[in-house]
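A.B. asks: From first to last, the protein sequence lines are chains A and B.
Using the numbering used here, you'd call the opening residue of the first sequence number -4 and step up by one each time.
Using the numbering used here, you'd call the opening residue of the second sequence number 14 and step up by one each time.
Some hints here could point you the wrong way.
Stated by the list, open to error - Distance windows between CB atoms, simulated:
1) 178(A) - 362(B): 52 to 60 Å
2) 367(B) - 127(A): 47 to 55 Å
3) 64(A) - 423(B): 22 to 30 Å
4) 33(B) - 9(A): 50 to 58 Å
5) 144(A) - 423(B): 17 to 25 Å
6) 29(B) - 77(A): 21 to 29 Å
7) 362(B) - 144(A): 34 to 42 Å
8) 78(A) - 301(B): 40 to 48 Å
9) 142(A) - 318(B): 22 to 30 Å
10) 423(B) - 42(A): 15 to 23 Å
As the list claims (entries may be wrong) - So the derived list for chain A, only partly shown, Cβ under 8 Å to chain B, looks like this:
11) 57
12) 85
13) 96
14) 113
15) 114
Calculated from the structure, these hints are not laboratory results.
Idealized CB from N, CA, C, for every residue including glycine.
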Amino acid sequence: MTSSKTTPLIETIGLNKSYVNDEVETPVLHDINLSISSGEFVAIMGPSGSGKSTLMHILGFLDVPTSGHYNFKGASTEEKSEDELARIRSASVSFVFQSFNLLPRTSVFDNVMLPLLYNSATRVSERKDRVMKAIESVGLTDRATYLSNQLSGGQQQRVAIARALVTTPEIIFADEPTGNLDSTSGTHVMEILQNLHRSGHTIILVTHEQMTAEHAERIIRLHDGHVISDDRAFTRRIAKRGGQIK
Amino acid sequence: MRLHDLSTTALRGVTRNRSRALLTMLGIIIGVGAVVLMTSVGKSMESVILGQISALGPKTIALWPGKNGPEMGAATLNPDFDSIKLSDVEALKRLRTVSNIAPGIFIEGKTTYGTEETDTRVMGASPEAYTNQVVTIAEGRLHDAQDEFDGRFVAVLGPDTARDLFYNQSPIGKRISIGNHKYTVIGVLEPVGTQFFQNADERVVIPFETARIVSGRTYVDMVSMQSTEDPADAIDDIQWLLRRRHKIVPPATGASTDNDDFLVRSSAQAQEILSTVSISLTVFITMIAAISLVVGGIGIMNIMLVAVTERTREIGLRKALGAQGRDILLQFLIEAVTLTFLGGLVGLIGGLGVNALIVAIATRFLERYIFAVNPIAIVAALLMAAGTGLAFGIYPARKASRLNPIEALRYE
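In isolation and in its complexed conformation, chain A is listed as follows (with noise of 0.2 Å):
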């Protein structure tokens, strides 16, 4: 924490992506520079095929980039076996997804549980209490021995919150988490993802709904793979005119 107050969580310079498809090279990403502090809600905006999921995915560490530069609380990430990017996705980062991704016939509790499996700095007799802590803050204790088949699209995404959060992560990526919602269901995700934000997560959202990006309090949008606005004044605006996120 005290590295996160003068070096930046996420640093990106000169970030570039490109996939290469029988030897034809597409670029995804172009000279991404950017940089993301612990403790912010960010947005990352753009519509399908900007470049924003595979943003997320180098971010998240789940993917490499093709050049330029990553560090990740000032440390470089480059040259990192798959392995390396496992262990540093499982002790730092977690993600929501759109289609929530639990474990069919499995219980809310293991589905908590799931990451902690692969958590190495968990202890045993810790787990029981962190899954049951994670799941009371999307206040599913009651559901927690409910199969993840027997919940609503609306339970499932909070499962899913739960499971993100069990390992204290330093980042939350929420890539469309309320696509596969409906409007209440959504809303209701979105102010439990604020609510983490304001107790002091770092939660990096990934949509291509204005409305949803507008939860954020910095919104960076894509077009093409070029970053083509970082407002970070967003919300500051909205709140000089007395408006209200919704």
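Let chain A serve as the given structure and place chain B on it in line with the hints.
C.D. replies: Same frame as chain A, but now just chain B:
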């Protein structure tokens, strides 16, 4: 990932689709069951065979005409069937290393009493044969030296022959016909069960001298005797004597018995040969059974590949949550090994169950058939089952562990 978590995860993978798991295991169940059953039956049969031979005593020596002895079929099919002459038998009696010389002649022809008849083998043998073959009398008496000397027409019956001809009456003193001659029954033997896959209780024994006169033979079908000291020395002496008498020169190369027109063996040697035969038979059958394990393993591999494809998203999720390639590899590998090991265990229980059933039936027919299991085979079968899981699980598990998490998460 901790081992306990890995095994819990793998076990959950197995139990998620129970009927499929069971069907997948079927090949392994049958394979291990067959291996366990075959080796157990083999061991039981071995004990039957060895039990019969050891009843003969380690010093018993048998001599047959022909290079291959009785193993190559009936004595009459043997080109050297008449190689052991009566004079050879007399010469054997002068050897110091053997005693209790008992020549035997098989008599052709049906045995009848009234309207009852049987096809039993009739052997003319001197009374020494009773000692060599360890038979005891149940009723009446065995024939003795006087019967032999006089060439009397008397017969001793095996218990099955006595029952076939006389039902519940006592056969003692009754007159039976063998070929064109009448014999008086003087004794019935105790049952001894099956010897060399033939029912020894079906025999009829008459004095050797009588058989010699009736058949007009100058040669014998077998000679049994006892070695006085080391059976190996006795065999050397017999071979030396008969080769000299038959003017046989052992070949310069190859086995020294290659030119012989007779075969001599101690019961210890016969025991060795039969147990070798029985062991190689067991190994052969077990290998066939083991093929089913390989087939089962291919089934396991197939279903594991299906499982990897079905659970691509789950694998992607686990990787996104921090699972390393090794964690995924071990999860699927343990799942495959669990399947095969459980299959092995079920097969083991099934195989032992069927074996118990066979034992229950076989003991009614084979006196010395006992419940025997081969502990080495059981351990080997279980290890082989688990090994099958490892061998055939590694490919799907590697495939799973190498999935790209992003692509796996997007998989529909």
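A.B. asks: Check each numbered hint from earlier against the structure, then list the numbers of those it violates in ascending order.
C.D. replies: none
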